[in-house]
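Novice: Sequence:
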Amino acid sequence: MHNRLLDWYDKNARVLPWRSDPSPYKVWLSEVMLQQTRVETVLPYFDRFLTHLPTLKTLAEARLEEVLVLWEGLGYYSRARNLHKAARIVQSDYAGKLPASAKELVKLPGIGKYTSAAIASIAFGEPVAAVDGNVRRVFARLLALEEPIGTSSLEKTVLDYAQLHLPAKRPGDFNQALMDLGSMVCLPAQPKCPICPVQSFCSAFVQGKQNNLPKVIKKAPTPHYDVCVAVIWHEGKVLLAQRADKGLLAKLWEYPGGKISPADKDQEDGVQREVLRKTGLEITPTRKIGDFKHAYTHFRISVQAWYARLLFSPPVTLPDNLRWVSPGDLSALPMGKVARRISERVNSDFLQAENQ
DNA sequence: AAATCGTGGTA
DNA sequence: TTACCAAGATT
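Adding 1405 to a residue's 1-based position in the first sequence gives its number in the working numbering.
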């Protein structure tokens, strides 16, 4: 099976920038970007990131805000914060060289069981099995495992088996071959068994269960929230608020607002109340901008955005988490998807008003 | 152990 | 529209 899979990989492996030059830094960056994220999504981010921060040293010396801007749109922003933190640890504790073993790598922030094994095997040739979602699915079918994905039982079986049967000669390629097989052939739905190089070794296929394995546990339905935010114009600038250091969209910038409460008699009421609560500023909404819908991992929101103006002059000095920003400077602040979409609208409205 | 953390593509 | 999911880590 090793030979079948590696032969298939040699002929069908995708040409990817982190494969043509598997230096530790590039492999590390690619593996972190690829966490829960598709190859096609990562490609442009990977190139742009390396253009701005080509080495581990430049990453360590960069400001966190610059790293977050380069990450903007990729999601799971703690990856960017941990990557940046880990680069600084490597500079100070490992003489600027990424450690070469999975055992050491896993100690760094943002590098867990899978990523440490992937970096160690691909960049350093260490024979450690890298088990990701693809590999779990491939082995669940190869071994016809009946336990659902996500159970500790399935996890242990796959890890033990993958490590026991990992070939010593090309561990990095073998790990990647399993992942490529999972993403190109052994698909979650409608696996392409007719073209699978290891079909004859697959228990699920032999038993005709390939479309029913692996089993998955159904997730709870996601709740929905109504949110309102204000774009407050004052002397040619708009007010942005920085989110908390931890949690959702940590340290990213957004327009102040919050959840609409049942007590609010209308949207205007809600915006006014939430902005006062978040900023201490009293406003009046002037014009509706739009309704921005967005789905996060485990809930969805509708964001009602309003233009607004201040009822009184603002304080001369604002707290650190509040900032007046010119439309032209909005692109320099890291934001999540919703805030960015609102910013694009603000910018186009601003340019249109200027041309009249 | 289970919840949390983004976004875009697809059926 | 909605559900599901994609090279997971952290708490």
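Please note: incorrect hints may appear among the correct ones.
Said to hold, decoys possible - Simulated pairs of lysine-lysine, DSBU-like, Cα-Cα distance not exceeding 35 angstroms:
(1) Lys-1574 / Lys-1597
(2) Lys-1698 / Lys-1508
(3) Lys-1698 / Lys-1742
What the hints assert, rightly or not - If you anchor each label on the Cβ, the simulated ranges turn out as follows:
(4) Pro-1724 / Ile-1600: 46 to 52 angstroms
(5) His-1639 / Asn-1417: 42 to 48 angstroms
(6) Ala-1573 / Lys-1462: 49 to 55 angstroms
(7) Gly-1501 / Arg-1746: 24 to 30 angstroms
(8) Ala-1573 / Leu-1448: 29 to 35 angstroms
Keep in mind the hints are simulated off the structure, nothing from the lab.
All residues carry an ideal CB built from backbone N, CA and C; glycine is no exception.
Novice: What hints, given by number in increasing order, does this structure fail?
Specialist: Numbers 2, 4, 5, 6, 7 - these are the hints that the structure violates, sorted from lowest upward.
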